[in-house]
Amino acid sequence: MKKERFNQIALDGLVRQNPTLRLVLGTCPTLAVTISAINSFGMGMAVLFVLVCSNVIISLLRNVIPDRVRIPCFIVIIATFVTIVSMFMEAFLPSLFESLGVWLALIVVNCIVLGRAESFASHNPVGESALDGLFMGLGFTLSVTLIAIVRELLGSASFFGMELWDPSKFSIKFFTSNAGAFLTYGLFIAIFNVCYNAVDRKLKHKHAQQTLAPVTVAETKEAE
Amino acid sequence: MDVLGIIFSALFANNFILAQFKGICPFLGVSQKPGSALGMGLAVTAVMVITCAVTYPIYTFVLVPLGIKYLYIIVFILVIASLVQMLEMILKKFTPGLYSSLGIYLPLVTTNCAILGVAQLVTAEVAATSAHFAKTLVVFGKAVKISMAMSFGEAVLSGLFYGLGFTLAIILLAGLRQKVDRLNVAKPMRGFPMTMITACFMAMAFYIFSLIG
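Note that the protein sequences, when read in sequence, are chains Z and L.
Under our numbering, read the first sequence as residues 3 to 226, first letter to last.
Under our numbering, read the second sequence as residues 56 to 268, first letter to last.
Here chain Z stands alone, though its shape is the one from the complex (with noise of 0.2 Å):
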C-alpha cells in the first residue's frame, strides 16, 4: 500500500472524519460511558475490535453479499463480533462487563460500525478495510476517553478511577449527570470545530504557497 494512501486513511479515522466528533456518530454510547474513564476506554476498544473484525469480513465477503440483502448480512456479521467481545468480556473483565452493561450488545446497532462497513469495507480491499476499521476504532476511543476524562475530573475529582483531589473540597455534580453529559459533548463538537477549522485553513493557505511560488519563479524567468 502506498504511504499516502495510509496517511489519508489514518488521519481521516483521526481527525477529518472523527466519528464521535466530526460526523456525530454513535452518540448513545458516547453520552452514556462518558461518566468514567476507564468505562469509556473500554468501550472504546470493544468498538475497535468489533469494527476492525467486520470491516475485515465485509471486505472479504464483499464480492459474493448480493447487493439488496447486504443489511442484514452487515448486521449479522457484526452480531456475531459483538456477541465475541461481551462473552470476552464477561470470562475476563467482569468489572467492566458489569459497568458498560446493556451498552456492550448496543455496539450492534452503533452507527459508526454499520456507517463503517457500508460506506468503505463493502467496496474496498481487505488490508485498507482493516487499516480503516482500526484507525476509526482510535479516533472513537480518543475522542470518547478525552470527553470522559474532562467530566470525571470536574464531576468526581478523579482520573482513571484514581482520586485526585478531596471531592467534597471542589467537585461539580452536574457534569456527572445526564445533563453534563449532553453539555460537555456540545462544547467538545463546538471546540473541536473551531480547531479544526483553524489548521484546515493555516495548511490550505500552506499548501496555495508552496504551489504558488514554483509558478512565479518559472514566469518571472520567462519574463526575464
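By construction, these hints were calculated from the structure, which means they are not laboratory data.
Note that the structure is a prediction, hence the values are computed from the model and not measured.
Glycine included, every Cβ here is placed at the ideal spot set by N, Cα and C.
Careful, some of the hints might be misleading.
Reference listing, derived: stretches of chain L covered by chain Z, where coverage requires no fewer than 3 residues with Cβ under 8 Å from a Cβ of chain Z [to be verified]:
(1) 70–81
(2) 129–136
(3) 165–177
(4) 243–252
Covered by chain L, per the in silico footprint, the following chain Z stretches (three or more residues, Cβ under 8 Å) [stated by the list, open to error]:
(5) 8–16
(6) 70–78
(7) 175–182
We have chain Z already, so just place chain L on it with the hints.
For chain L alone, kept in the frame of chain Z given last:
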C-alpha cells in the same frame, strides 16, 4: 407490577432519550420539524410495541429453555430487522397514506439503540446485568422497581409507553429547535452543539421526575 408506575417511569423518570441515552441518533437527526419528529416518534412507538410482543415470547419460551441465552443479540436484531421490513410491506400494501408519511422512517428504526434496548429491558436476566440503569422509584406511595422480571402484558405496556416517552422528547426538542436554530450564535456552536445544549436543559428538566416520591 403497578401499571401507573410503569407508565410514569417509562414516560418521564426513565425516559428513553433523556434518562437512558438510547435513540439519540434520530433524536438529533430527525428533529428539525415537529411534523417529521412526530412521524419518527410514532414509527418508533409502533416498532417498540411489536418488538416487545415478539421478543418476549422468543426469549422466555425458546432461548431460555434451550439454554442459548447468549445468542440473544443476534436473534433479537434479526427478528427486529425482519419485523420492520414486514411492517413496511404491510403498510405499503394496505395503507398507502400512512406509508407515505411514516414509511421513510421505518428503515431508520431498525438500527436504533432504542429498539434493541427495549427488547433487552423486557427480558429479565439481561436487565439484571445493567442493574445500575434500573432505579427504584417511589411513585404515588408505592415502591416500583423498574426492569424486574415482567409479565407479557407489562412488557408490551412498557414498550408502548417507552415509545410514547421517546415521541414526547423528540417533539419537545423539535419545538425548541424551531426557535434555537434561528438564534444568532457563534459559528462553531451552530448545528449539533446548540442542539446538544438544548437537550442538556431538557435532561435537567426530566431529571426532576426521577426525584418525585
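### Task
Apply the coverage criterion to the region 175–182 of chain Z and chain L: a residue qualifies when its Cβ sits closer than 8 Å to a Cβ of the chain, and three qualifying residues are needed.
holds (count 4)
### Task
Mind taking a look at whether chain Z covers the region 243–252 of chain L? Criterion is 3 or more residues with CB to CB distance under 8 Å.
holds (count 8)
### Task
Can you take a look at whether the region 165–177 of chain L is actually covered by chain Z? Rule is 3+ residues, C-beta closer than 8 Å.
Holds, because 8 residues of the region 165–177 of chain L bring their Cβ atoms closer than 8 Å to Cβ atoms of chain Z.
### Task
Quick one: see if chain Z covers the region 129–136 of chain L, three-plus residues with Cβ-Cβ under 8 Å.
holds (count 4)
### Message
Verify this for me: three or more residues of the region 8–16 of chain Z with a beta carbon less than 8 Å from a beta carbon of chain L.
### Response
n = 0 at 8 Å, threshold three: violated.
### Task
Count the residues of the region 70–78 of chain Z whose CB lies closer than 8 Å to any CB of chain L, then report whether that count reaches three.
n = 4 at 8 Å, threshold three: holds.
### Query
Count the residues of the region 70–81 of chain L with a beta-carbon closer than 8 Å to any beta-carbon of chain Z: does the count reach three?
Result for this restraint: holds, n = 8.
This entry does not satisfy hint 5, going by the numbered hints stated previously; all others are met.
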